[in-house]
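> Line order of the protein sequences matches chains L and D.
The first sequence lines up with residues 1 to 440 when you count with this note's numbering.
The second sequence lines up with residues 1 to 454 when you count with this note's numbering.
Possibly wrong hints are sitting among the right ones.
[Said to hold, decoys possible] The list that follows gives simulated cross-link-like pairs (lysine-lysine, DSS-like), each with its CA atoms no further than 30 Å apart:
#	chain 1	residue 1	chain 2	residue 2
1	D	LYS264	L	LYS438
2	D	LYS264	D	LYS429
3	L	LYS36	D	LYS254
4	L	LYS12	L	LYS93
5	L	LYS34	D	LYS56
6	L	LYS291	L	LYS259
7	D	LYS264	L	LYS207
8	L	LYS122	D	LYS56
9	D	LYS429	L	LYS36
10	D	LYS448	D	LYS268
11	L	LYS34	D	LYS317
12	D	LYS264	D	LYS254
13	L	LYS36	D	LYS256
14	D	LYS201	L	LYS36
[Stated by the list, open to error] Chain L regions said to be covered by chain D (calculated; three or more residues, Cβ under 8 Å):
#	stretch
15	80-89
16	364-370
17	419-429
None of these hints come from the bench; they were simulated from the model.
From a predicted model like this one, the values you see are computed outputs, not experimental measurements.
Yeah, the Cβ is synthetic: ideal placement off N, Cα and C, and Gly gets one too.
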Amino acid sequence: MSESLLNAATDKFDEAEVYRIEMESHPVSFESGKLKEIIRRDTSGVALRVIDNRRIGFTSTTDAARESELVDRAATLAPFGSEASFSFPEPSKYPSVDIVDPAVPQVSQNSMINTGEGLIAKLMDEWPDLLCDARIGWSTGRCQIMNSAGIDETYEQTSYYCSLGAQLIRGTDMLNVWAGYGSSRLFGEAELDRLLQTVRRSLRWSKETAIATSSTGDLPVVFTPRGVGATLLHPLLSGFSGKNVANGSSPLGDRWGEKIVDERISIYDNPLIKCASGSRPFDDEGIASRKLGLIENGIAGSPLLDLQTAGQLGMTSTGAAGRSLASTPSPNSSVIDIAAGDTHFEDMISGIKEGLLVEELLGAGQGNELGGDFRANVSLGYKIENGEIVGRVKDTMISGNVYKVLSQVEQVGDSSDWVFGSMRSPALQCLGVDVSVKDE
Amino acid sequence: MKYRDIIENALNGHSADYCEIRIEETDNSRLTYRGKSLDTIAQTSGLGGNVRAVTKGGWGFASFNSLDELTTKVADAVAQSKAVGGLKTELGEVEPHVDLVPAYVVEDPTEISLDEKKRQMDHYNDLVWSVDGINSADIIYGDTSRKTFFGSSDGSYIEQQQIHVISRISAQARSGGDVQQAGFSLGSQGDYGLIRGLDDKVTDAAKRAVALLDAKSLEGGERTVVLDPVLAGVFVHEAFGHLSEGDNVYENEKLKEIMYMGRKFGGKHLNFTDGAAIPALRGSFKYDDEGTPATRTALVREGELVGRLHSRETAAKLSEQPTGNARAIGYNFPPIVRMTNTIIEPGEATLADLLAGVNDGVYVRNWYGGMTQHEMFTFSSGEAYMIRNGEIQEAVRPVMLTGNLFETLENLDGVGDDLDMNQGGGCGKGGQSPLPVSNGSPHIRIQKCLISGA
Numbered sequence: 001m002s003e004s005l006l007n008a009a010t011d012k013f014d015e016a017e018v019y020r021i022e023m024e025s026h027p028v029s030f031e032s033g034k035l036k037e038i039i040r041r042d043t044s045g046v047a048l049r050v051i052d053n054r055r056i057g058f059t060s061t062t063d064a065a066r067e068s069e070l071v072d073r074a075a076t077l078a079p080f081g082s083e084a085s086f087s088f089p090e091p092s093k094y095p096s097v098d099i100v101d102p103a104v105p106q107v108s109q110n111s112m113i114n115t116g117e118g119l120i121a122k123l124m125d126e127w128p129d130l131l132c133d134a135r136i137g138w139s140t141g142r143c144q145i146m147n148s149a150g151i152d153e154t155y156e157q158t159s160y161y162c163s164l165g166a167q168l169i170r171g172t173d174m175l176n177v178w179a180g181y182g183s184s185r186l187f188g189e190a191e192l193d194r195l196l197q198t199v200r201r202s203l204r205w206s207k208e209t210a211i212a213t214s215s216t217g218d219l220p221v222v223f224t225p226r227g228v229g230a231t232l233l234h235p236l237l238s239g240f241s242g243k244n245v246a247n248g249s250s251p252l253g254d255r256w257g258e259k260i261v262d263e264r265i266s267i268y269d270n271p272l273i274k275c276a277s278g279s280r281p282f283d284d285e286g287i288a289s290r291k292l293g294l295i296e297n298g299i300a301g302s303p304l305l306d307l308q309t310a311g312q313l314g315m316t317s318t319g320a321a322g323r324s325l326a327s328t329p330s331p332n333s334s335v336i337d338i339a340a341g342d343t344h345f346e347d348m349i350s351g352i353k354e355g356l357l358v359e360e361l362l363g364a365g366q367g368n369e370l371g372g373d374f375r376a377n378v379s380l381g382y383k384i385e386n387g388e389i390v391g392r393v394k395d396t397m398i399s400g401n402v403y404k405v406l407s408q409v410e411q412v413g414d415s416s417d418w419v420f421g422s423m424r425s426p427a428l429q430c431l432g433v434d435v436s437v438k439d440e
Numbered sequence: 001m002k003y004r005d006i007i008e009n010a011l012n013g014h015s016a017d018y019c020e021i022r023i024e025e026t027d028n029s030r031l032t033y034r035g036k037s038l039d040t041i042a043q044t045s046g047l048g049g050n051v052r053a054v055t056k057g058g059w060g061f062a063s064f065n066s067l068d069e070l071t072t073k074v075a076d077a078v079a080q081s082k083a084v085g086g087l088k089t090e091l092g093e094v095e096p097h098v099d100l101v102p103a104y105v106v107e108d109p110t111e112i113s114l115d116e117k118k119r120q121m122d123h124y125n126d127l128v129w130s131v132d133g134i135n136s137a138d139i140i141y142g143d144t145s146r147k148t149f150f151g152s153s154d155g156s157y158i159e160q161q162q163i164h165v166i167s168r169i170s171a172q173a174r175s176g177g178d179v180q181q182a183g184f185s186l187g188s189q190g191d192y193g194l195i196r197g198l199d200d201k202v203t204d205a206a207k208r209a210v211a212l213l214d215a216k217s218l219e220g221g222e223r224t225v226v227l228d229p230v231l232a233g234v235f236v237h238e239a240f241g242h243l244s245e246g247d248n249v250y251e252n253e254k255l256k257e258i259m260y261m262g263r264k265f266g267g268k269h270l271n272f273t274d275g276a277a278i279p280a281l282r283g284s285f286k287y288d289d290e291g292t293p294a295t296r297t298a299l300v301r302e303g304e305l306v307g308r309l310h311s312r313e314t315a316a317k318l319s320e321q322p323t324g325n326a327r328a329i330g331y332n333f334p335p336i337v338r339m340t341n342t343i344i345e346p347g348e349a350t351l352a353d354l355l356a357g358v359n360d361g362v363y364v365r366n367w368y369g370g371m372t373q374h375e376m377f378t379f380s381s382g383e384a385y386m387i388r389n390g391e392i393q394e395a396v397r398p399v400m401l402t403g404n405l406f407e408t409l410e411n412l413d414g415v416g417d418d419l420d421m422n423q424g425g426g427c428g429k430g431g432q433s434p435l436p437v438s439n440g441s442p443h444i445r446i447q448k449c450l451i452s453g454a
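Looking at chain L on its own, in the form it has when it is part of the complex (with noise of 0.2 Å):
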């Protein structure tokens, strides 16, 4: 089908693309403790982009009938479609890359139910009062990208993944925990302990209430792995983004080469990773995956380019291109990576007088991310206070510039973790987060 819409295309353009998925996932979903609901979900469509006269044309269907129409509607889109700054690329050589686990798909209903089963009733053991979530499911997926200078290629992955999530309700006070993984590997009693260690520790935090001190950035702030994730994460790549750069709103301008944080600070995209969220052979507009580096010991990389930003701004493609079905194509990290650094998280809070350890945020992105700012209530973090995390803090908010932050990094901790199984880092402590609380 695709070889006949690409023909057609082709035949009536001056550069065609065809991009088609196909997609099964099974989840289980418990609710309120009890197992709520079994889901199916099959997923199939198929786009179309072509370059005719320097114009893109760019339409998608998951109708297969109206599959006929999709070359008529891309030549009544191309004539008023954006100009193209690229032409589609020639086949060339693919890394392999292990995203495949052949056990996945046949994990039965039974036992994910089982395992949700199993990883509600261990929190309950000690948690009597908590109500618990949990969704645990698999897929498998197929992407396939077909072009006129001869690029045919398909890839099949499968994904496991996992997650719980816990409520406590104290009077009128609720705290909301949770965490979850998901690999192309099927994982087992380690990484579901993992999950477990996760909940159990915020719950343990989150035993006392604690105040948090107001701050204009002079108290350090740590964040764990995940609250790396909330909180610097998306201001950061938005500067990393082609489209931003390419269009001027980049902070980074033209800063590359130069030192932007910390030297201790190395983060890369790396699609590459085995068995990670995001990791592929090629991106979604066939060109072949590779580690960029973003931050190398301080010093700003590379931005994330997909063909047309990267034609925009005279360079090549990073491998960064990424879809949905019924969008064009843009540049998007795949997998992110941080260097680790050398200091035990034990260590780390234990030689701080008084500070935040951050976790989760609340409203995270509603700010001016482009500019590098942050800012978002605090909705899972605690004091810390000589050395020991005391207690939940509530009513609080932080703030600050992502640049200004990883340049005051004080320490990097030691192991890199995966949040949800798309991002690994490390702990980090930090000066230059402004703090906002709540008046007594």
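Given the structure of chain L, go ahead and fit chain D onto it with the hints provided.
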């Protein structure tokens, strides 16, 4: 009635307590601008469907793009519901309806040529760039037609069409590493006319973005804030609306103890309502995605909790009536309890009354976003101005506000007389985003509201 036979045949002989099929056809157009030029122009179409079944209180759900072998898909979903099992199925009573509901249209955006849409948005893009100091424009135009075909084992068969149009126009200004932006969002059910005549708003947004480069940042802390109707609408959605959704409460004994009918949340000036039966707004419809007719639900009257939003299941489990708030964003999701059009009913204060006596306060307008986690919520303004001596003064950089349901509503001490609706937003919950909703309010005043620094 296009799929009536197919759906009724497939449901025939199913062995669940209840079973339904929803088929959807969608057509979307989208234009986006980034930087100086058009970024994408796209037309996409979709066909998909799902079967949802419940047996002994357990749910099975199967979604698909191909409508072949619907009977097998029904059997799959029913088998899944049986594997969940449990005790008993409880669904609120809804009379079956057979109906065909055409789209509500004033000026149908799907009838406007692509050429005209592009010329209109090109014009706004040019307007943004005509302002000195602009560094980039970020413009989105989108329209969607969604036709749903719903049939249930209760005997309902309902066809409905909805046509929505949205736009967001945002301008950026930059000085060195400092990037500031200002903009606005619009939305309408069925009226392309909304997209026209925005020249002044566009120019104003671009000028505001440039001016923000020189505006001061506020220091974080507690202040008196006055919210414009748009941001106050976002406030009621985040601060109260989500906790009034029945699925948060129905299996949560502790929350039931807190959110009981008659609980006092604030003064007699607090009156909140939600309802899809309020006509011609983004969250308006005739039937929800379970076939329940839309209603208008009083949530808070004179400061007391008097109602909640429901699906058929949450209503039955709380011994309340279904309110027609079960909504799904698309065929690949089951319906869950959602808001529709949420409003703070107007009071008697003028804006001048609300500002009177406020010193060192902040007047916040327009929105960037908002989020809720149970009793905690945050929302962000698109604009902020100092209030001194009861007067709105210079612009400062936009702020984020945060609060706690149980304290913030107590501190909401003034409700204006000038109700206005915010139709530019969408709501996200359970991975289903953005669902068309509207919210609205008159100007309101909140004492001791925590705002972020920077």
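> Would you mind marking each hint as holding or not holding in the structure?
Structure-based check of each hint:
Between LYS264 (chain D) and LYS438 (chain L), the direct Cα distance comes to roughly 23 Å. Compliance with the 30 Å bound is thereby established for this hinted pair. Between the alpha carbons of LYS264 (chain D) and LYS429 (chain D) the distance comes to roughly 26 Å, so the proposed pair stays at or under 30 Å and holds. As the CA atoms of LYS36 (chain L) and LYS254 (chain D) are separated by approximately 20 Å, the hinted pair is consistent with the 30 Å bound. The hinted pair formed by LYS12 (chain L) and LYS93 (chain L) meets the criterion: a straight-line CA distance of about 29 Å does not exceed 30 Å.
Straight-line distance between C-alpha atoms of LYS34 (chain L) and LYS56 (chain D) comes to about 13 Å, which keeps the hinted pair within the 30 Å bound. For the hint pairing LYS291 (chain L) with LYS259 (chain L), the CA-to-CA distance comes to about 20 Å; that is within 30 Å, so the pair holds. A threshold of 30 Å between alpha carbons decides the hint, and for LYS264 (chain D) with LYS207 (chain L) the separation of about 28 Å falls inside it, so the pair holds. Our distance criterion of 30 Å between C-alpha atoms is met by LYS122 (chain L) and LYS56 (chain D), whose separation comes to about 26 Å.
A threshold of 30 Å between alpha carbons decides the hint, and for LYS429 (chain D) with LYS36 (chain L) the separation of about 17 Å falls inside it, so the pair holds. A distance of roughly 19 Å separates the Cα atoms of LYS448 (chain D) and LYS268 (chain D); the hinted pair therefore holds under the 30 Å criterion. Taking the CA atoms of LYS34 (chain L) and LYS317 (chain D), the gap is about 15 Å. The hint holds against a cut of 30 Å. Distance restraint check for LYS264 (chain D) and LYS254 (chain D): the Cα-Cα separation of roughly 17 Å lies within the 30 Å cut-off, and the hinted pair is therefore satisfied.
Annotation: proposed proximity of LYS36 (chain L) to LYS256 (chain D) holds, straight-line Cα distance about 20 Å (limit 30 Å). The hinted pair formed by LYS201 (chain D) and LYS36 (chain L) fails the criterion: a straight-line CA distance of about 48 Å is larger than 30 Å. For the stretch 80-89 of chain L, the stated coverage by chain D is satisfied: 4 residues place a CB nearer than 8 Å to a CB of that chain, which reaches the threshold of 3. Look at the stretch 364-370 of chain L against chain D: 5 of its residues bring a Cβ nearer than 8 Å to a Cβ of that chain, three or more, so the hint holds.
By the rule of at least three residues with a Cβ nearer than 8 Å to a Cβ of chain D, the coverage given for the stretch 419-429 of chain L is violated, with 0 such residues.
Hints 14, 17, counting from the list given before, are not met by this structure.
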